[in-house]
Amino acid sequence: MSERIQQALTAFEKSLDRRLLAALEVCARCGICAESCHVFAAEPDFRNAPAAKAEAVRRFYRRLHDPIGRLFPWWVGAKDLTEADLEELAEIAFGACTLCRRCTMNCPMGVDTALIMRATRAMLTAAGKAPEMLTQLADAAIAREENLEFFREFYIDQIRELERELQEQTGDPDARIPVEKAGAEILYVALSGAHTILPAAVLFHAVGADWTLSMFEAANYGYFLADLQRARAIARRIVDEARRLGVKEIILAECGHAYTVLRWEAPNWFEDFPFRVRSIIEAAAEWIQQGRLPLDPSANPEPVTYHDSCNLGRNGGLLEEPRIILRAVVQDFREMSPNRAENFCCGGGAGLVAVPEWYEKRMRAGRRKVEQIRQTGARIVAASCDNCRLQLGDLNDYYGLGIRVSGLIDLVVNAYLAARRMKATAPAAPVRVSVQELI
Amino acid sequence: MEVKPDLTLDLKGLLCPMPVVKINQAIKNVPIGGVIEAYATDPGVMADIPAWCRSTGNELVTIEKQDKVIRFVVRRLK
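So the sequence lines, in the order shown, correspond to chains X and H.
The numbering of the first sequence is my numbering, which starts it at 1 and goes up by one.
The numbering of the second sequence is my numbering, which starts it at 1001 and goes up by one.
Mixed in with the good hints, there may be bad ones.
As the list claims (entries may be wrong) - If you anchor each label on the Cβ, the simulated ranges turn out as follows: (1) X:GLU146 x H:VAL1069: 22 to 32 Å; (2) X:ASN147 x H:PRO1031: 23 to 33 Å; (3) H:LEU1077 x X:ALA28: 31 to 41 Å; (4) H:VAL1069 x X:GLU132: 26 to 36 Å; (5) H:LEU1060 x X:PRO338: 42 to 52 Å; (6) X:ARG152 x H:THR1008: 27 to 37 Å.
To be verified - As a list, the in silico PhoX-like pairs of lysine-lysine whose alpha-carbon atoms are at most 25 Å apart: (7) X:LYS129 x H:LYS1022; (8) H:LYS1068 x H:LYS1012; (9) H:LYS1004 x H:LYS1078; (10) H:LYS1022 x X:LYS361; (11) H:LYS1004 x H:LYS1022; (12) H:LYS1028 x X:LYS361; (13) H:LYS1004 x H:LYS1068; (14) X:LYS181 x X:LYS14; (15) H:LYS1022 x H:LYS1068; (16) H:LYS1028 x H:LYS1078; (17) X:LYS129 x X:LYS79; (18) H:LYS1004 x X:LYS129; (19) H:LYS1028 x X:LYS129; (20) H:LYS1028 x H:LYS1012; (21) H:LYS1022 x H:LYS1065.
Stated by the list, open to error - Which residues of chain H face chain X? A few of them, derived with a C-beta cut under 10 Å, are: (22) CYS1016; (23) VAL1020; (24) PRO1050.
Note that these hints are calculated values from the structure, not bench results.
We treat Cβ as the ideally placed atom computed from N, Cα and C, and that holds for glycine.
Construct the complete structure from the given sequences, taking the supplied hints into account.
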């Protein structure tokens, strides 16, 4: 057995807990999962069925753990793991599964194929077979903390420029984007880039929130690698910062996997985790329901549909918050079908958008999403995950959809700034949306 | 002294993590010691590119912002 295979199997054995054992053992091979998978829906080849993808893992699992598989491997389709298998598994676990868990939800046995794929990703990462780009992005995030003094100056300069834009947009020369403000109530963790900082800053200013911006970005490529050590190191930067500043709440930018990591995983990773974690879409929905944001939906007159992020929606439970927001800030909201927990993945999740060699693969995997969008007739597709936004933008170019992709918060800001302008030109009571109307 | 680039990339309009993804692709097309010059507009590159250079062992020769455009130069060391 080569050293690489040994590393792979050691990592796989480490992942084998009861949940993974159940997922590996209880599949009835009924094939119902096939229809639920966006990869299979786009290319109906049996190898794209979740059960078939998992079977590539079960083959060597049975060789190791099934009594018959150990003695008579041919009888139960068991086989030793080989170097060639690692190549095939990398294509499957990183390239043909976005860990969206739509198959799990539709499986009569509840088989968590995404969990099997995550264990496979962990195994491949340990064996040096993970996509180079994901590894580099994870390591760059860790390097950012290790060299924080070096980055601080660059970062603060950028924020001061954004602050000037914030002051222009809000018309308030005292509007601020606080960074590392000790004692603030909220730590806002954005993504790298202005597009998730400025719109959020406008809303925090609008509601008079006591907030501060994180020095770090919410994205966690260690999580995509299923590398717990890297994922924890990246999340720890934010948790340590939140503790140091003494905040009560962490609010995350519109990012699906960052929400999964900090809302659902990180509280189990760190003993001292005394914060509430929310997505900014939860906060925005709450502010809208409380009537704290004057809104003018005529600022968003075009038909808008919403793409439910798998991490936020199906796996995170944020299904109604986006609808509360959209009904308040756009004039013509149209649901995709299916939607909410049954929505199809965009095809770019779990890090696929960052792996250039899989561009064609993810364009094919997005076909079902393209059909869904076309059926709505919408001109704008709103998404509350940056990964989805990148993929939807690429699908738009590739398939000539003629749409515009927008974040939810961008639409809220449009409606808010329009209401402010309206108020400034013709003083009147702010447009308030009643809670009953939104539920 | 101004470094003569082996390759120039226009990354304007790309959002995180795409500038890093494009640099990682492009650096394989220049020889060791070769230099890439790139122009981007996403302010995130001001932190992401230096961090990527540090973690991959490549050299950030310069990074500067002129109005809305960020110019950076990376030398391939590995």
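Results of checking the hints against the structure:
{"no.": "1", "hint": "X:GLU146 x H:VAL1069: 22 to 32 Å", "verdict": "28 Å, holds"}
{"no.": "2", "hint": "X:ASN147 x H:PRO1031: 23 to 33 Å", "verdict": "27 Å, holds"}
{"no.": "3", "hint": "H:LEU1077 x X:ALA28: 31 to 41 Å", "verdict": "54 Å, violated"}
{"no.": "4", "hint": "H:VAL1069 x X:GLU132: 26 to 36 Å", "verdict": "28 Å, holds"}
{"no.": "5", "hint": "H:LEU1060 x X:PRO338: 42 to 52 Å", "verdict": "47 Å, holds"}
{"no.": "6", "hint": "X:ARG152 x H:THR1008: 27 to 37 Å", "verdict": "29 Å, holds"}
{"no.": "7", "hint": "X:LYS129 x H:LYS1022", "verdict": "21 Å, holds"}
{"no.": "8", "hint": "H:LYS1068 x H:LYS1012", "verdict": "10 Å, holds"}
{"no.": "9", "hint": "H:LYS1004 x H:LYS1078", "verdict": "19 Å, holds"}
{"no.": "10", "hint": "H:LYS1022 x X:LYS361", "verdict": "18 Å, holds"}
{"no.": "11", "hint": "H:LYS1004 x H:LYS1022", "verdict": "20 Å, holds"}
{"no.": "12", "hint": "H:LYS1028 x X:LYS361", "verdict": "22 Å, holds"}
{"no.": "13", "hint": "H:LYS1004 x H:LYS1068", "verdict": "23 Å, holds"}
{"no.": "14", "hint": "X:LYS181 x X:LYS14", "verdict": "40 Å, violated"}
{"no.": "15", "hint": "H:LYS1022 x H:LYS1068", "verdict": "20 Å, holds"}
{"no.": "16", "hint": "H:LYS1028 x H:LYS1078", "verdict": "10 Å, holds"}
{"no.": "17", "hint": "X:LYS129 x X:LYS79", "verdict": "20 Å, holds"}
{"no.": "18", "hint": "H:LYS1004 x X:LYS129", "verdict": "35 Å, violated"}
{"no.": "19", "hint": "H:LYS1028 x X:LYS129", "verdict": "19 Å, holds"}
{"no.": "20", "hint": "H:LYS1028 x H:LYS1012", "verdict": "21 Å, holds"}
{"no.": "21", "hint": "H:LYS1022 x H:LYS1065", "verdict": "19 Å, holds"}
{"no.": "22", "hint": "CYS1016", "verdict": "4 Å, holds"}
{"no.": "23", "hint": "VAL1020", "verdict": "6 Å, holds"}
{"no.": "24", "hint": "PRO1050", "verdict": "7 Å, holds"}
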